[in-house]
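Colleague: Sequence lines, in order, name chains A and B.
Going by UniProt numbering, the first sequence opens with residue 1, and the numbers climb by one from there.
Going by UniProt numbering, the second sequence opens with residue 1, and the numbers climb by one from there.
One or more of the hints may lead you astray.
From chain A, some residues computed to sit far from chain B (all C-beta separations above 10 Å) [to be verified]:
hint : residue
1    : 13
2    : 29
3    : 64
4    : 78
5    : 180
FRET-style restraints, in silico, Cβ to Cβ [what the hints assert, rightly or not]:
hint : chain 1 : residue 1 : chain 2 : residue 2 : range
6    : B       : 118       : A       : 117       : 26 to 36 Å
7    : B       : 8         : A       : 117       : 22 to 32 Å
8    : A       : 199       : B       : 56        : 15 to 25 Å
9    : A       : 57        : B       : 52        : 15 to 25 Å
10   : A       : 136       : B       : 169       : 47 to 57 Å
11   : A       : 122       : B       : 135       : 25 to 35 Å
12   : B       : 140       : A       : 181       : 12 to 22 Å
Derived from the structure by calculation, the hints contain no laboratory data.
Here a beta-carbon is modelled for each residue, glycine too, at the ideal position from N, C-alpha and C.
The residues making up each chain are set out below.
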Amino acid sequence: MIWQQLQILAGSYPLALRGLGMTVVLSLISLVLGTLIGFGLGILRTGGNRLISGAIGAWVDLIRGTPFLVQIFLIFFILPELGIELDAFTAGIIALTNLAACFICEIVVAGIRSVPTGQVEAALASGLSRWQRMRQVVLPQAMRIVLPPLVGQYVLLIKDSSVVSAIGLTDLTRVGWLVVQRVPNGLLVFFLVGLGYFIVCYPLIMLARRLEQRIGAAHGEVQL
Amino acid sequence: MLENFSFRTIVEYLPLFGQGLVTTVWLSVLAFAGALAIGIVLAAMNLQRGRLFRMPAKAYIDAVRATPLLAQLYFLYFGLPRLGIILPELVVGILALSLNSGAYVAEIIRAGILSIPRGQVEAGVASGMTYIQRMRLVILPQAFKVTIPPLLGQAIVLVKDSALLSLIAVAELTRAGQLLASDRFMPAEGFITIAAFYLLLYYGLKGLAALSGRWLGLAGART
Numbered sequence: 001m002i003w004q005q006l007q008i009l010a011g012s013y014p015l016a017l018r019g020l021g022m023t024v025v026l027s028l029i030s031l032v033l034g035t036l037i038g039f040g041l042g043i044l045r046t047g048g049n050r051l052i053s054g055a056i057g058a059w060v061d062l063i064r065g066t067p068f069l070v071q072i073f074l075i076f077f078i079l080p081e082l083g084i085e086l087d088a089f090t091a092g093i094i095a096l097t098n099l100a101a102c103f104i105c106e107i108v109v110a111g112i113r114s115v116p117t118g119q120v121e122a123a124l125a126s127g128l129s130r131w132q133r134m135r136q137v138v139l140p141q142a143m144r145i146v147l148p149p150l151v152g153q154y155v156l157l158i159k160d161s162s163v164v165s166a167i168g169l170t171d172l173t174r175v176g177w178l179v180v181q182r183v184p185n186g187l188l189v190f191f192l193v194g195l196g197y198f199i200v201c202y203p204l205i206m207l208a209r210r211l212e213q214r215i216g217a218a219h220g221e222v223q224l
Numbered sequence: 001m002l003e004n005f006s007f008r009t010i011v012e013y014l015p016l017f018g019q020g021l022v023t024t025v026w027l028s029v030l031a032f033a034g035a036l037a038i039g040i041v042l043a044a045m046n047l048q049r050g051r052l053f054r055m056p057a058k059a060y061i062d063a064v065r066a067t068p069l070l071a072q073l074y075f076l077y078f079g080l081p082r083l084g085i086i087l088p089e090l091v092v093g094i095l096a097l098s099l100n101s102g103a104y105v106a107e108i109i110r111a112g113i114l115s116i117p118r119g120q121v122e123a124g125v126a127s128g129m130t131y132i133q134r135m136r137l138v139i140l141p142q143a144f145k146v147t148i149p150p151l152l153g154q155a156i157v158l159v160k161d162s163a164l165l166s167l168i169a170v171a172e173l174t175r176a177g178q179l180l181a182s183d184r185f186m187p188a189e190g191f192i193t194i195a196a197f198y199l200l201l202y203y204g205l206k207g208l209a210a211l212s213g214r215w216l217g218l219a220g221a222r223t
């Protein structure tokens, strides 16, 4: 019986591939942008300027304190009222990038703060410029701490991309929702949807664990 | 067009937001209680030596952590009727949140128990305590202490995740905002108001987490 239903479902494979493609594209674009912006924000936040640091902190708290679904609705429905036209795809990318950047900022700040002050002082004494200190002394050491939670954050990002289906983007979750209207077997359809995410996310979770074990794991756990 | 931002409409809809907020709070409390129960059982299974209990617990935790909550929610919402189980949306939502959060709670509890130094257990053994006594008198009281702040963090995540229940038409806080947005075509009023309410919950729980950390004297404690 399951075999028959699988055969019926097989007809939806182009849709499923499109959904998986959308999930991967959404995640990849916001992953790259979010990492770049997140590192920038993290470096700025530890830069010593109180005003900038405070502003970034307030924004990060605002994003961490509200549900992602609400952020998507805010971006998708309110930006157009401010005269900025945008489609669901752009709104999704903006929302996901912003979310990733805020969480990655926190990870980077923790990483930078974990570098002993003696290292910075030594760099200062050797006459390195501010940028050189950051690039050659602080960041390479901070990366050890940053990497495991960063990979964990990527898993969260891929999972959060499913929420973007709420504004009508045909990602993997939305495909499940569409297919289940035609083939009303929620167990099977969403098992397959889950499998799709699992195949993408599980290797990353394993990677995060491996990385964490390698740095000695003494620095706190990854929240996946 | 935000110059037309209508506080009057927000005030008019306050009772609806209030109801939504109350629903969000009590469904989160119930779901978190469920998550604690599931988490304790999973953690206990995961800490056993035998594979018989450990493997299913690990598989469950990994499956939950590698798939989105929304897909899990839809799995239950569209899947349970298939098994002949017809439940109200609200119950399906609470169930999904509990099952999801339980996996994370299990990891927090396990980490808490594993954080107790081996010497403590050995001291317990040396004083002639039984396994149950060691657990009850030595390990759990200490583990309890270190798990409180991360558990409150998980509670924050759960409250925010509960917004997804609006997608299966549970009348919680986000749903109230959606109703205002669609009835009056006022998305700004609807969504900014609920964002403010969620921030209230967030800062409340975050304050509680900070307070509990200080109260339990965790600031300089061994981690």
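Colleague: Please go over all the hints and tell whether each is borne out by the structure.
Modeller: Against the structure, the hints come out as follows:
1. Listed as outside the interface, residue 13 of chain A is consistent with that label: its C-beta sits roughly 18 Å from the nearest C-beta of chain B, beyond the 10 Å cut-off.
2. Remark: the non-interface label on residue 29 of chain A is consistent with the geometry, its nearest Cβ contact in chain B lying 18 Å away (cut-off 10 Å).
3. Listed as a non-interface residue, residue 64 of chain A fails to keep its Cβ farther than 10 Å from every Cβ of chain B; the least gap is roughly 7 Å.
4. Some Cβ of chain B comes within 10 Å of the Cβ of residue 78 of chain A; the nearest lies about 5 Å off, and the non-interface call is violated.
5. Its closest Cβ contact with chain B, about 5 Å, brings residue 180 of chain A to no more than 10 Å, contrary to its assignment away from the interface.
6. For residue 118 of chain B and residue 117 of chain A, the Cβ-Cβ distance of about 33 Å falls inside the hinted range of 26 to 36 Å, so the restraint holds.
7. The given range of 22 to 32 Å is broken by residue 8 of chain B and residue 117 of chain A, whose C-beta atoms sit roughly 54 Å from each other.
8. For the hinted restraint 15 to 25 Å between residue 199 of chain A and residue 56 of chain B, the CB-CB distance of approximately 21 Å keeps it satisfied.
9. Separation of residue 57 of chain A from residue 52 of chain B is about 48 Å and departs from the stated range, judged on CB atoms against 15 to 25 Å.
10. Range check, residue 136 of chain A to residue 169 of chain B: about 55 Å between beta-carbon atoms, so the 47 to 57 Å window is met.
11. Between residue 122 of chain A and residue 135 of chain B the beta carbon distance is about 48 Å. The supplied range of 25 to 35 Å is therefore violated.
12. For residue 140 of chain B and residue 181 of chain A, the hinted distance range of 12 to 22 Å is not satisfied, since their beta carbons lie about 48 Å from each other.
Hint check: violations occur at hints 3, 4, 5, 7, 9, 11, 12; the rest are consistent with the structure.
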